[in-house]
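Novice: The primary structure of each chain is shown beneath.
Protein chains: 2
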Amino acid sequence: LSTELRSALVRAVGEEHVLVDPSLTGSYETDWTGRFSGRACCVVRPASTDQVSQLLRACADKHVPVVVQGGNTGLVGGGVPVGGEVVLSLTRLADLEDVDQASGQVTAGAGVRLSALQAQARAAGLDFGVDLAARDSATVGGLLATNAGGIRVLRFGSMREQVLGAEVVLADGTVLTRLSGLPKDNTGYDLVTLLAGSEGTLGVITRVRLKLVPQLPARAVALVAVENTASALSLLARLRTTVATLSAAELIFASGVALVRESAGLAAPFQEEYPAYLLVECADRADPTDALVEALGDCPEVLDATIAGDAAGARALWRYRETHTEAINASGVPIKLDVAVPVARLPEFIDRLPAAIGPAVTDVPDARTIVFGHLNEGNIHVNVLGVIGTSGGEDRAEAVEDAVLRLVGEFGGTISSEHGVGRAKTRWLGLSRTPAEIAAMTAIKRALDPEGQLNPGVLLSR
Amino acid sequence: LSTELRSALVRAVGEEHVLVDPSLTGSYETDWTGRFSGRACCVVRPASTDQVSQLLRACADKHVPVVVQGGNTGLVGGGVPVGGEVVLSLTRLADLEDVDQASGQVTAGAGVRLSALQAQARAAGLDFGVDLAARDSATVGGLLATNAGGIRVLRFGSMREQVLGAEVVLADGTVLTRLSGLPKDNTGYDLVTLLAGSEGTLGVITRVRLKLVPQLPARAVALVAVENTASALSLLARLRTTVATLSAAELIFASGVALVRESAGLAAPFQEEYPAYLLVECADRADPTDALVEALGDCPEVLDATIAGDAAGARALWRYRETHTEAINASGVPIKLDVAVPVARLPEFIDRLPAAIGPAVTDVPDARTIVFGHLNEGNIHVNVLGVIGTSGGEDRAEAVEDAVLRLVGEFGGTISSEHGVGRAKTRWLGLSRTPAEIAAMTAIKRALDPEGQLNPGVLLSR
Chain C
625 LSTELRSALV RAVGEEHVLV DPSLTGSYET DWTGRFSGRA CCVVRPASTD
675 QVSQLLRACA DKHVPVVVQG GNTGLVGGGV PVGGEVVLSL TRLADLEDVD
725 QASGQVTAGA GVRLSALQAQ ARAAGLDFGV DLAARDSATV GGLLATNAGG
775 IRVLRFGSMR EQVLGAEVVL ADGTVLTRLS GLPKDNTGYD LVTLLAGSEG
825 TLGVITRVRL KLVPQLPARA VALVAVENTA SALSLLARLR TTVATLSAAE
875 LIFASGVALV RESAGLAAPF QEEYPAYLLV ECADRADPTD ALVEALGDCP
925 EVLDATIAGD AAGARALWRY RETHTEAINA SGVPIKLDVA VPVARLPEFI
975 DRLPAAIGPA VTDVPDARTI VFGHLNEGNI HVNVLGVIGT SGGEDRAEAV
1025 EDAVLRLVGE FGGTISSEHG VGRAKTRWLG LSRTPAEIAA MTAIKRALDP
1075 EGQLNPGVLL SR
Chain R
625 LSTELRSALV RAVGEEHVLV DPSLTGSYET DWTGRFSGRA CCVVRPASTD
675 QVSQLLRACA DKHVPVVVQG GNTGLVGGGV PVGGEVVLSL TRLADLEDVD
725 QASGQVTAGA GVRLSALQAQ ARAAGLDFGV DLAARDSATV GGLLATNAGG
775 IRVLRFGSMR EQVLGAEVVL ADGTVLTRLS GLPKDNTGYD LVTLLAGSEG
825 TLGVITRVRL KLVPQLPARA VALVAVENTA SALSLLARLR TTVATLSAAE
875 LIFASGVALV RESAGLAAPF QEEYPAYLLV ECADRADPTD ALVEALGDCP
925 EVLDATIAGD AAGARALWRY RETHTEAINA SGVPIKLDVA VPVARLPEFI
975 DRLPAAIGPA VTDVPDARTI VFGHLNEGNI HVNVLGVIGT SGGEDRAEAV
1025 EDAVLRLVGE FGGTISSEHG VGRAKTRWLG LSRTPAEIAA MTAIKRALDP
1075 EGQLNPGVLL SR
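Order-wise, the sequence lines are chains C and R.
Numbering of the first sequence is given in my numbering, commencing with residue 625 and proceeding in unit increments.
Numbering of the second sequence is given in my numbering, commencing with residue 625 and proceeding in unit increments.
No lab work stands behind these hints, which were simulated from the structure alone.
All figures in this text were calculated on a predicted structure; none of them were measured in a lab.
Every clue listed holds true.
So these bits of chain R aren't anywhere near chain C, every CB distance computed over 12 Å:
id, residue
1, G638
2, S647
3, Q678
4, A684
5, Q742
6, Q744
7, Q895
8, P899
9, G982
10, P989
Here chain R is said to cover these stretches of chain C; the calculated rule only asks that three of the stretch's residues, wherever they fall, bring their Cβ under 8 Å from a Cβ of chain R:
id, stretch
11, 801-812
12, 1035-1041
13, 1070-1079
What follows is a list of derived Cβ distance ranges for each label pair:
id, chain 1, residue 1, chain 2, residue 2, range
14, C, D928, R, W656, 53 to 59 Å
15, C, E1075, R, T657, 42 to 48 Å
16, C, S661, R, D1026, 53 to 59 Å
17, C, T1058, R, L648, 32 to 38 Å
Glycine is no exception: its CB is placed at the ideal position from the N, C-alpha and C atoms.
Isolated chain C (complex conformation):
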């Protein structure tokens, strides 16, 4: 950190918010998975958009690149330094306005935690459309920059669908402010939704204007036994035309249910064991149970079904799906992939997974693949257990990852459905994006950040 740059940064945010001591910077330099880590030249903690603008101008002047960090809950290394960058931590931008009741919207600083936003919405009789497990740490800015999804995408969409405005600072310090919250505004390119999923490479989001959604307190949950993925899909297609309140459609398999039963001590969901299960949730203001029961009654795909009659029963059914993650983690460090393929091709993709993974783990007798996911989006989490930790495990993990992602490419799918590209997936980007698309993205990056100041190496290769 040059004296000159340091003075400029201190001028912007004050001495105490320019961190250089490793005991202070450490937690900003490693992601929470522990997999990505690098030394920052310093960590700066602005408290306003104007400070962000001053900081970016100073870094641009000195040609020192910047890494943008929210709650540091990312999974692909997009928010931590490689070496020498200024880390811009936005958690002090935590101003959360009152809900605007007239529009059903709220404005939040980039550093506001998702759980705080949810609490604010709920206190106003509304709710926020995105929810995910990292809600107590993840920040609104990071959620938007990574276009976070989570468990309600089927009903409300991802962050891109929630955002109505933002304040953004470009690499040269230019501030774009668009916070009026106009749901219909056809005056040119929508720079705000372009920021969604840009992973900090186009601009620094400092504030966001978000739409809120109705509270839907009445739930009906069914766990439905089916023959296979194709039957689950056919069942979901049927429900789409007969039920208007669908809020989740989660696919799990016998292997996953066996794992969560042994790990969490759950009872068998049915007397018989079935190959696959679809967990369906409906949410509404009035009780949607009767409508769901009626709809399921007409579906030939249903081998057996159990429908929760109350909140406790609903939670019990959800545990078959939700304890997958902890059961998988409890069995050692897994190889984790977050991919999607066109929904109609999902059955074939899942059928071909074992043959794709097999060659990479031939000499690992305990290797075990657990698959589960969000059926409506064709989004599957592929977890391979028992490989990392064995001798040569890291190489095998990379071979597994490569084999699965190549298969995804072959199916016209995405190598990253939810988590983003970050630094972890850049080498595979070409499997999901054509050279023409990558060229167009690079042109847009150059248009808004010609010097490549923001998050270099994230999303697009350096």
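Knowing the structure of chain C, use the given hints to seat chain R on it.
Specialist: What follows is chain R alone, placed relative to chain C:
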């Protein structure tokens, strides 16, 4: 049209689809309002993405700019030539695939008419989220390029929220194909949603992948008398927290109701006359009437209300809102503005309209302003009658337009909520977009169309 360019165009699409005779090109050279008109150097009618690519390459080689046209139903002159351009008419790209039941999605050529798309969706037990009056002419490509909204935005959003993929040809003929229909795909910038609302200036959309929505055949419609815009807003805010099936919230006023009553011979909706009315519609699979009645019962804003008990009654109530357009047109050519302001400021905006418009029409005793709109989006259609057609009417019309748009700018609103900027509104773009935003848009335009080949003068000034 040079011989060389003509040969290249003919090579791409065949002799009969390169139109040069004025009797053939005429209908492509004037928009349907009759307000925008210009001579094209020719009109070409490609039938495939590959042909579009060849045509664009040929035009780029010869530096002849291109104007892209769908169903020619735009209102701001964005799809007709100024003089000398090649008009690219996409109506032959009318291939409409079967609905993909597994994903609830469909792929359509850019030239598919909205009504054809809706019919296809409905035959599959689903529906399309966007609907508007020009449905028999407007094309899917044009709807996406202009981010069309219409009467269901409250429930399903605009075109940007319906699109999951597109095939796009850039100015140099490069084809970007992204039609897998992955609702969750976090591999970089979303070029598809960037195209929504770009008005043909960034690329030519040739095919789109669209999500479908559930059919909601059961409707409940209420016409509610309220004191003013502020009460209507407060009522809507209340309904947002108590009703999950809202599908329309349309604001009309006593002046508009008087006009439609005299024009269409409608009966008085209530024994008494009230200053303002909110038309609320709920849509669901099961009858939402009871829930709406119950919700309205608790609202102090309700001065009187009539709730339709059946489909005929619902249509009758909708006529108070829907006949506004024909009643306005029947009284002569109106000055029409399509603007939005932040919802919370709408009452103040509407209060200030008369004083803003007044000075421009002081010597037009018959001038009459009719306002109505989509309350949830703060989107108001301002119609000034009795001015165009009087002596000096065109100048007065421009003065009215300028006064209203300046007031919109003052309120942080948008000069074009639905219709787009086109050629009609470019001079006022700076009222809704800051210089920094316009610079960012220009940079993106240059990144994807460096030579300015596509729709020059549309959206951004030349």
